[in-house]
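Number of protein chains: 2
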Amino acid sequence: MSILPTYSDVLAAAERIRPFVHRTPIFTSGTLDALAGRALVFKGELFQKSGSFKYRGATNAVQKLGHTEAKRGVVTHSSGNHGQALALAARTRGIPATIVMPANASSVKAAAIAGYGANIVESGPSLADREAMVAEIRERSGAAFIPPFDHPDVIAGQGTAALELLQDADGIEALIAPIGGGGLISGWALAAKGCNHAIRIFGGEPTGASAAAQSLATGERVQLASTLSIADGLLANYVGLQTWPIIRANVERVLTVTEADIVKAMRLVWERMKLVIEPSAAVGVAVALSDEFRALPGLGKVGIVLCGGNVTLDKLYW
Amino acid sequence: MSILPTYSDVLAAAERIRPFVHRTPIFTSGTLDALAGRALVFKGELFQKSGSFKYRGATNAVQKLGHTEAKRGVVTHSSGNHGQALALAARTRGIPATIVMPANASSVKAAAIAGYGANIVESGPSLADREAMVAEIRERSGAAFIPPFDHPDVIAGQGTAALELLQDADGIEALIAPIGGGGLISGWALAAKGCNHAIRIFGGEPTGASAAAQSLATGERVQLASTLSIADGLLANYVGLQTWPIIRANVERVLTVTEADIVKAMRLVWERMKLVIEPSAAVGVAVALSDEFRALPGLGKVGIVLCGGNVTLDKLYW
Numbered sequence: 000m001s002i003l004p005t006y007s008d009v010l011a012a013a014e015r016i017r018p019f020v021h022r023t024p025i026f027t028s029g030t031l032d033a034l035a036g037r038a039l040v041f042k043g044e045l046f047q048k049s050g051s052f053k054y055r056g057a058t059n060a061v062q063k064l065g066h067t068e069a070k071r072g073v074v075t076h077s078s079g080n081h082g083q084a085l086a087l088a089a090r091t092r093g094i095p096a097t098i099v100m101p102a103n104a105s106s107v108k109a110a111a112i113a114g115y116g117a118n119i120v121e122s123g124p125s126l127a128d129r130e131a132m133v134a135e136i137r138e139r140s141g142a143a144f145i146p147p148f149d150h151p152d153v154i155a156g157q158g159t160a161a162l163e164l165l166q167d168a169d170g171i172e173a174l175i176a177p178i179g180g181g182g183l184i185s186g187w188a189l190a191a192k193g194c195n196h197a198i199r200i201f202g203g204e205p206t207g208a209s210a211a212a213q214s215l216a217t218g219e220r221v222q223l224a225s226t227l228s229i230a231d232g233l234l235a236n237y238v239g240l241q242t243w244p245i246i247r248a249n250v251e252r253v254l255t256v257t258e259a260d261i262v263k264a265m266r267l268v269w270e271r272m273k274l275v276i277e278p279s280a281a282v283g284v285a286v287a288l289s290d291e292f293r294a295l296p297g298l299g300k301v302g303i304v305l306c307g308g309n310v311t312l313d314k315l316y317w
Numbered sequence: 000m001s002i003l004p005t006y007s008d009v010l011a012a013a014e015r016i017r018p019f020v021h022r023t024p025i026f027t028s029g030t031l032d033a034l035a036g037r038a039l040v041f042k043g044e045l046f047q048k049s050g051s052f053k054y055r056g057a058t059n060a061v062q063k064l065g066h067t068e069a070k071r072g073v074v075t076h077s078s079g080n081h082g083q084a085l086a087l088a089a090r091t092r093g094i095p096a097t098i099v100m101p102a103n104a105s106s107v108k109a110a111a112i113a114g115y116g117a118n119i120v121e122s123g124p125s126l127a128d129r130e131a132m133v134a135e136i137r138e139r140s141g142a143a144f145i146p147p148f149d150h151p152d153v154i155a156g157q158g159t160a161a162l163e164l165l166q167d168a169d170g171i172e173a174l175i176a177p178i179g180g181g182g183l184i185s186g187w188a189l190a191a192k193g194c195n196h197a198i199r200i201f202g203g204e205p206t207g208a209s210a211a212a213q214s215l216a217t218g219e220r221v222q223l224a225s226t227l228s229i230a231d232g233l234l235a236n237y238v239g240l241q242t243w244p245i246i247r248a249n250v251e252r253v254l255t256v257t258e259a260d261i262v263k264a265m266r267l268v269w270e271r272m273k274l275v276i277e278p279s280a281a282v283g284v285a286v287a288l289s290d291e292f293r294a295l296p297g298l299g300k301v302g303i304v305l306c307g308g309n310v311t312l313d314k315l316y317w
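Protein chains in written order, with numbering that gives the first Met the number 0: chain A, 0 to 317; chain B, 0 to 317.
What the hints contain is simulated information worked out from the structure, not anything from laboratory work.
Each hint should be verified, as a subset may be incorrect.
Identical chains share a label here; the pair holds if one copy fits it or two copies do between them.
As a list, the in silico EDC-like pairs of lysine to aspartate or glutamate whose alpha-carbon atoms are at most 20 Å apart [claimed, not checked]:
no. : residue 1 : residue 2
1   : K263      : D313
2   : K263      : D167
3   : K314      : E270
4   : K48       : D32
5   : K192      : E172
6   : K48       : E270
7   : K48       : E163
No experiment lies behind these values; they were computed from the predicted model shown.
All chains should be built: construct the whole structure from the sequences, respecting the hints.
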């Protein structure tokens, strides 16, 4: 069993990945502040390389590999942002990457991953199919498996964005991060609690993919039979084995938001902040605008991660 | 006749408006650089207050008014970004603003202007109708008329964004700005030539609203009978009396782009740069990506103003 990452791992990750990642800008909006009833500071990870925060964790994991290990390449299964991030992180180090995707995955995403020079291998549609294919590739090539969230180097890498936010904005009393498998919020919790233990951590999930909310409510790591949401980056059936203890220890509450809340928040950010965020990023915004969060006392200034901007522009969302 | 603004007026404007405007960020994109065949630096005026660069010129004009004059308020005719900008600039100074709009103007824009606390007065649809209404209001209230582009304080204010860009990015050899009435490019030309006379200035216009291109080509200030483009901020039938001599003296060439070029550039910036720019802002990007501009020798690094982000999200543009 792996040892859980800590605040020091986040600090080490920040040093390690600094030459490779963008220090993304922060944003504020008087309109959003008025709607939320408090000051909000947005961390613009939609401007991160590959279009999402996932590039931080992937880069940390890839750069940490030893020379011999790295030469054998990396492999993962992901049709989404982690696949793009790992492909680009591997190309940056000059090592091969193989991304296992279900045959029915979107051709746009496959094209983006191929554009970063990765090998794409098709698998059957189930998680078991994908895991079997990853195992086969590892056996054949010796490639290192870099999973999308349940890995200490990935978690530590994701936390580096929170360090930057807390350096760039004073007086933040709480953070809101969306939760899929929990890699982002785990990294953010480690980073924030390490900087200042008083900072409160809140999660956001779609009502149709609320594994973390249900796990925190029951105290047990819940596995969902199915998930459904426009927030395609958050469709995890469970939080990770490594992210779960970090979430349980540090996250005060996970608030769920409806599809309508997500779409409304997304449009608001596009329209008023001029930022093309993806639905998963809108989940954190929707939490801040919810009656439940607005009713919390205190919390004069809250940080929110706009986690990515990879969204198809072929359709309207509203 | 007014005296034309100069570089010193731009410097004075920068001092005057600094407490009121955002110093907007600059952006770069490897994808766009590859498509343009050179390094591009984008000035993010879509993040300016009121959603466009127009707030700079409006603020400079409003803040420069004497105390007694200011108390009588300001008036303009504009159903677009200048109307919003002037409304907000007046509110910031605590003086009344009246915006004359044709009765058939979009209700969304009217709502935005009303949201900034301005009085909206309806007029007939023609320019003559609007000018007559402005004259009537000036007579009645003594309000100062702040036109959208043909005013030395407005021109000088628009130039302040170019000063910032040239401070924040080294080695810029040329600038591209879209042209409607010419306020933006006039200010940018004064600012850039004042900083470094070797910087070359290029304009961009839609083929359906190319008064400046035709004026430069013929050497005479051309008046168009009609204009048509998705780039609604650039639908001027002529460049201004004050902007024309500045354009003639400083702008090397005005390139025209088609509606398809504009839409393609706009989608590219939304998709790859995650920035919600309006069609008028896409015109400058489309110029940079055009075969004609790509074929120009030299020009290793080019600055482009993303002039605004006020766009309806009720429809797709592609």
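- Intra- versus inter-subunit Cα pairing at 20 Å for K48 with E163: Close inside one copy (16 Å), not across copies (25 Å); limit 20 Å.
- Message: Cα distance capped at 20 Å. Does K192 pair with E172 within a copy, between copies, both, or neither?
- Response: within (11 Å within a copy, 47 Å between copies)
- Query: Are the CA atoms of K263 and D167 at most 20 Å apart within a copy, between copies, both, or neither?
  - Reply: Answer is neither: 28 Å inside a copy and 35 Å across each miss the 20 Å cutoff.
- K48 and E270: within-copy, between-copy, both or neither at 20 Å Cα: Classified as between; 13 Å across copies, 23 Å inside a copy.
- Message: Within a copy, between copies, both or neither: which one fits K263 and D313 at a CA-CA cutoff of 20 Å?
- Response: For K263 and D313, the Cα distance is within 20 Å both inside one copy (18 Å) and across copies (13 Å).
- Message: With identical chains, the pair K314 and E270 could be close in the same copy or across copies; at 20 Å between alpha carbons, which is it: within, between, both, or neither?
- Response: both (16 Å within a copy, 13 Å between copies)
- At 20 Å max between alpha carbons, let me know whether K48 reaches D32 within a copy, between copies, both or neither. Result: close only across copies, 15 Å inter versus 28 Å intra.
In summary, the one numbered hint that this structure violates is 2.
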